[in-house]
Amino acid sequence: MNGAGVMEAVGCVLRRDLMLVLRQRSDLFTTLFFFILVVSLFPLGVGPDMEILRVLGPGVLWVAALLASMLSLGRLFASDYADGTLEQMLVAPQPLPLLVAGKVLAHWLSTGAPLVLVAPVLAVQFDMPGEGFWVLVVSLLLGTPVLSLLGAIGAALTLGVRGGGVLVSLLVLPLYVPVLIFGAGAVEATLSGLGSEGHLSLLAAFLVLTLCFTPWATATALRISLD
Amino acid sequence: MSSNRFRWSAYAAPANFYSLTGKLIPWFAVPAALLLLVGLYLGFFMAPTDYRQGEAYRIIFIHVPTAWMAMWLYVCMAVYAAVGLIFNTRLSSMMAAALAPTGALFTFLALWTGSLWGKPMWGTWWVWDARLTSTLVLLFLYIGAMALRASIDDPRRADRATGLLALVGVINVPIIYFSVNWWNTLHQGASLTPKGSSMATSMLMAMLVMTLAFWLYSFVPVFVRVRCIILERERHTDWVRTLAGEAR
Amino acid sequence: MSWSEFWSAGGYATYLWASYGLTALLLAIEAVMLVRRTRAVHRRLREMQAMEGD
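So the protein sequences, as listed, match chains A, B and C.
Convert by adding 1177 to the 1-based position in the first sequence; the result is the number in our numbering.
Convert by adding 24 to the 1-based position in the second sequence; the result is the number in our numbering.
Convert by adding 101 to the 1-based position in the third sequence; the result is the number in our numbering.
Hint data in this document are derived by calculation from the structure and do not stem from the laboratory.
There's no promise every hint is true.
Residues of chain B placed beyond 12 angstroms of chain A at every Cβ, according to the derived structure [unchecked claim]:
hint : residue
1    : Ala39
2    : Asn40
3    : Met95
4    : Ser158
5    : Ile176
6    : Arg184
7    : Thr186
8    : Asp262
Covered stretches of chain B, going by a simulated chain C footprint (3 or more residues, C-beta under 8 angstroms) [said to hold, decoys possible]:
hint : stretch
9    : 83 to 90
10   : 120 to 134
11   : 243 to 249
A few chain A residues facing chain B, derived, Cβ under 7 angstroms [unchecked claim]:
hint : residue
12   : Val1338
13   : Leu1347
14   : Leu1368
Think of the CB as a built atom: it goes at the ideal place given N, C-alpha and C, for glycine as much as any other residue.
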């Protein structure tokens, strides 16, 4: 029996994960609502002064996106680990890093992409001026996949381990820091008139680098966890 | 069948490494103590009072050594982790495990003494410059490695998982340093260069002596810890049983 | 300089001695914990020996 072609296998993984998410939409909504909730709580905590909120806006939106992404990591491999699908992927003839990439893409589509769409709406709460919206969307569009890719390493290392979400957060937070700095920084730079090309280019560079290297690291982590 | 040539590879065996480290500990502890005394004497009685920072600058005789050791121990940990992952040697992973707590401690001390130096000097306990932020991230990396190891029951899986994490961290720290530097230069300011004045020779000497003292000292807790780890993990082997039988 | 001048460190006494003090304290705690761990390991090994020896 000839193994399915690599791209077909990746497509298969992608379709399956997306179907699972669509069937059990709670995962999708959990992340989204968490994001909305965290962002909306900040003005209540900080006070209604629009001057302050305008300054805080980009940072708050980005931190909330980061936290939402972090919280969703537990679900990346958990169900496949539980029902044995993950072990099947490990012994499949297709390269594991590519299968992992497929899973991460599905994860991002169901957790990161909705944030990108909703963020501009929430930015209104922080009185974000017009030019900020576009940069916010682009920065999140570039940055949230990086968060998913980096987070996958943490999720893979902690498969089936007690301590769960907190442990993953601890492991993954140092990796997230540069993304946060440049993501929020891009929006802040635009709002202060400095231009965000530098930040966005770096985010794009992060995306390319993580696309190239993290699937391999995640695959290694999966093998470590499952052998 | 054994040749007369000395083979370093013999020390990859836990049993041999155990006895080697046992013999080496005094050779590091005593010079460390001596150098510490020399360093403190140089730092407090020979180095002059800084005309700008007064007596408070003497914190650097602890702050700088702990900061360097924090980074150095992480590099060592990452190297042992890499060797353990590539060659599948147990002892390398045990050394990585032994290095983490001491490294974390030095990182914490570096941050703490840095804060205590920053407050009287620049009026603030903390500042988000590249160096401090990277050191804080380094602390999280150490703690993350220790937490991960503690939460995985299977020792071999723990070894490999922590090893991979350590390697990912090694790549991360320079990236963070670069990111924060960029971030700071864009925000114009906030990055510190404590070396405002050039250092008097005596200050430099004291600092170097203290750094050397800390480096020598670091071998001691790491060796003691790795010996514990070896005994714990190898407790079912013959040589450990013999050792336990002989003891008291 | 006199000893009292030495200890007061030009007004920076708190910062200076807190730094050195904390360092000494934490290193001492690390040492104590390691001693205890060593003893615990050896005790456990002896117990194992005793159980198997019968």
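Review point. Which of the listed hints are broken here?
Key: 4, 5, 6, 7 and 14
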